[in-house]
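Colleague: Taking the hints into account, I'd like the entire structure generated from these sequences.
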Amino acid sequence: MREVVVVGAGLAGVRAAGELRARGFSGALTVVSDEVELPYDRPPLTKQVVSGTLTADDIRLAGAEDFGARWVRGTAAVGLDRERRRVRLADGVELPYDGLVLATGARARAWPGEVPAGVLTVRGLDDVRALRAAVDGGAREVVVVGAGFVGVELASSLVGLGLGVRVTLLEPFGRPLRALGGTVPDVVAAAARRAGVELRMGIGVRGFRAEGARVAGVESADGSVLPAEVAVVAIGMVPATGWLVGSGLALPGGRVHCDERLFARTAEVPGVAGALGEVGVTGAAGGIDPRIVVAGDVARCDAVRSADGPVALEHWSNAAAQGESAARNLLAGPAAAGSYAHVPSFWTSAFGLRIKSVGLPGTGDRVVVEEGEPGSEKLVEAHYRAGRLVGAVSVNLGKRLAGYARRLQEERGAAEAAGVSGGAPGRGSDEVPAWGGAAG
Amino acid sequence: MTVRISVDYGLCDGLGQCALVAPEVFALDDDEQLVVTPDPAPELAGKVAAAARACPVRAISVEGA
Ligand SMILES: Cc1cc2nc3c(=O)[nH]c(=O)nc-3n(C[C@H](O)[C@H](O)[C@H](O)COP(=O)(O)OP(=O)(O)OC[C@H]3O[C@@H](n4cnc5c(N)ncnc54)[C@H](O)[C@@H]3O)c2cc1C
Ligand code: SF4
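Each protein sequence line maps, in turn, to chains Y and X.
According to my numbering, the first sequence is numbered sequentially starting from 446.
According to my numbering, the second sequence is numbered sequentially starting from 531.
Note that these hints are calculated values from the structure, not bench results.
Even glycine gets a Cβ: it sits at the ideal position worked out from N, Cα and C.
Among these hints, one or two may not hold up.
Stretch by stretch, here's where chain Y covers chain X in the computed footprint (C-beta under 8 Å, at least three residues) [claimed, not checked]:
1. 539 to 548
2. 570 to 576
Partial chain Y-side listing against chain X, Cβ under 10 Å, derived [what the hints assert, rightly or not]:
3. Gly-699
4. Trp-761
5. Ala-765
6. Glu-769
7. Arg-799
8. Thr-808
9. Arg-811
10. Ser-839
11. Gly-848
Modeller: Okay, here's the thing in structure tokens:
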């Protein structure tokens, strides 16, 4: 392999670039990022960067100088021609490749419809700068729409600033961090209230009121209007795959579908597959492209699955581990590549709660508080499905999770040995929440 | 070769990602503080290096891995 192109310079792309070099790839390496910013880490954005305890410089990831890579910044990839093996950039340049790493991550899901100025989303450094600028400029009424981890962390950081910012957190689905399942969302809700956040749960949002061009309020589905000098829309993310439409890759739910080894799956187009020299035609999604691997938030990997099929992860550790595995497998080629075997793990922190999870909590049918008192701020909850452990969540008791991670690994090994498959592929967790209107 | 681990406790946030990767060497205590086993066996060098890479705040540095 002589020329590798990595598209996307977030955690997954940077780790892939580093691993390529660590594994002895000495050819030409090009990393493409549409951000002008040097690569950085996202988890601190909503925590320490909003709080002001870390700066942009503190959260930098390794970069071009570390890998002897050619770095293209501030230019988006806009097209992929797999037959000619070229990535097309927004400025018209075409980058040829022998190997390609797709790591374009995701964008914050935008509000469906026009929004006035002062309605923000948070995914990158610029977003956090804009939010801090508004607060530092005197904004005191902040409404956060969506109580996933980004919304919850922001609410916590903003009330923790000590500037007297009043934060209202709106969540049409009834509980913060509901993806965790079990009782932890209730613990989070109680802690948020105690910290002074106004919680409005089970109420959908209809839209935004403006005064002039700026936001003045958030209109909820029950007709009431909450005053807002700033509103943050934190309703999840959209994989950054628009540029891959028409490439012949399989894009279920907008994510790039990849096999167990992280090779990109191709959409089933009879005739095209043979022309591209694809191998291992399996199942409805067609074959794979042996020159393309996928990693991070943009990926939907067959190796990460619940009983309902492949699950897309939006976690730091997954992006890091997939970036490295994808690079190794690209160099090894499909025949020698190993299956991506990583127990998912996730953490978040807000309101003095350190919440960590392993596996896929929220995909179980039974939740058991195995340590600590239910509802307390120090507990471990195990999630089972059909009697099998599928995940665990800890609140301020992270020391127990390593044991659960080990059990999950053993269960997986046992399931594989017994030939138990995770269920039919094709159904993932790509559900789109029904924002707006009378959700409830 | 021996593996020398140093942890910057100023950075360490008790996230425990390292403990998930190399539980033989890293663990959290009751207060979610990191406890490191000194002088891990040389054959754990690879795991220790992987644990260092798994730390989101880059608190772990390793020599001899
Ligand atoms: C605010 C925030 C807080 C988080 N906190 C946590 C946490 O506490 N714990 C946790 O486990 N996870 C957390 N995460 C999730 C974690 O940060 C992500 O899983 C991780 O960043 C994914 O990395 P990635 O490289 O796949 O994608 P990204 O980080 O999205 O990087 C993709 C890069 O590709 C670029 N790009 C996109 N399209 C193109 C294109 N066409 N051409 C060129 N470049 C392109 C993007 O601009 C971006 O720079 C958080 C995420 C956010 C946003
Ligand atoms: S992963 Fe890093 S932050 Fe977490 S406990 Fe280990 S050293 Fe500390």
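Colleague: Run every hint past the structure and note whether it holds.
Modeller: Status of the hints after comparison with the structure:
no.: 1; hint: 539 to 548; verdict: holds (count 5)
no.: 2; hint: 570 to 576; verdict: violated (count 0)
no.: 3; hint: Gly-699; verdict: violated, 26 Å
no.: 4; hint: Trp-761; verdict: holds, 6 Å
no.: 5; hint: Ala-765; verdict: holds, 7 Å
no.: 6; hint: Glu-769; verdict: holds, 8 Å
no.: 7; hint: Arg-799; verdict: holds, 6 Å
no.: 8; hint: Thr-808; verdict: violated, 19 Å
no.: 9; hint: Arg-811; verdict: violated, 23 Å
no.: 10; hint: Ser-839; verdict: holds, 9 Å
no.: 11; hint: Gly-848; verdict: holds, 8 Å
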